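Undergrad: Sequence:
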Amino acid sequence: MSATEFFDSPQGRRIAYHRSEGRGPWVVFLGGLKSDMEGTKAVSLEAWAKAQGRAFLRFDYSGHGQSSGRFEAGCIGDWHQDTVAAVLALTAGPIVVVGSSMGGWQALLLARALPERIHSMVTVAAAPDFTEDGYWANFTEAQKQALEEIGHVEMPSDYMEPYIISKRMIEDGRHHLVLRAPLSLPFAVRCLQGTADTAVSTATALRLLDHATCDDMRLTLVKGGDHRFSDATCLGLIEDAVVDVLGSA
1 MSATEFFDSP QGRRIAYHRS EGRGPWVVFL GGLKSDMEGT KAVSLEAWAK
51 AQGRAFLRFD YSGHGQSSGR FEAGCIGDWH QDTVAAVLAL TAGPIVVVGS
101 SMGGWQALLL ARALPERIHS MVTVAAAPDF TEDGYWANFT EAQKQALEEI
151 GHVEMPSDYM EPYIISKRMI EDGRHHLVLR APLSLPFAVR CLQGTADTAV
201 STATALRLLD HATCDDMRLT LVKGGDHRFS DATCLGLIED AVVDVLGSA
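At position 4 of the sequence shown the residue is numbered 4 (the numbering used here), and the sequence of numbers has no breaks.
Just so you know, these hints were derived from the structure itself, not from any lab.
In silico EDC-like pairs for lysine to aspartate or glutamate, Cα to Cα no more than 20 Å straight-line:
| no. | residue 1 | residue 2 |
| --- | --- | --- |
| 1 | LYS50 | GLU239 |
| 2 | LYS167 | GLU149 |
| 3 | LYS50 | ASP244 |
| 4 | LYS167 | GLU132 |
| 5 | LYS34 | GLU132 |
| 6 | LYS50 | GLU38 |
| 7 | LYS144 | ASP133 |
| 8 | LYS167 | GLU72 |
| 9 | LYS144 | GLU154 |
| 10 | LYS50 | GLU5 |
| 11 | LYS34 | ASP172 |
| 12 | LYS223 | GLU239 |
| 13 | LYS50 | GLU21 |
| 14 | LYS167 | GLU148 |
| 15 | LYS34 | GLU72 |
| 16 | LYS34 | ASP133 |
| 17 | LYS34 | ASP226 |
| 18 | LYS50 | ASP240 |
| 19 | LYS167 | GLU154 |
| 20 | LYS144 | GLU132 |
Remember, predicted model here, so these are calculated numbers, not experimental data.
Input sequences plus hints: build the corresponding full structure.
TA: Structure follows, in structure tokens:
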């Protein structure tokens, strides 16, 4: 495996990445909240891309993995800036963006920020607007009070240690919501979702499917699939989705 490389974003954050040259369109993997670029999906997709001779990029948002910063200090807007910076600095031409969980939200934000660069999109358990619809909407009055008085709350996770969710993350998230305004996706989109996912519901996947304006958008539900979506079958489905949207490119 190649050594981790770094670049400094326009915002002064040091972003860790792995980048492999090949033919375009580039495949760019966007990970989930508190995930890093060493996750099973990112590494597996990179191996597939290399075998295909396809250009590929994976990276860590600030506060994640090997990049600079503290997770607790970050927010959706910061990670959106990191994503735009990585795409502009490290890829050229059209990209296939593959977003997992929070990375699915980031993929949609990227499509809004750089529409001319998006060839197509694959999402895996996409979690658009989760700070508002998942966290804030389900906070108790005690949690909302703690957010005001302490500045953060701890949220349990089925997959790792509790998340520290800051007041800044909640407030910043409201500036980046994508399900409350028109969402145009003028390219092929494939959405994958496990029915046993306890972090992102099938209702969220259906809401995104219904909300987006897209002439070529398909949702695949995988019975029994969980949020990790990382067993051999699910990894194969991700690869198949990328092949599908690439077409003859």
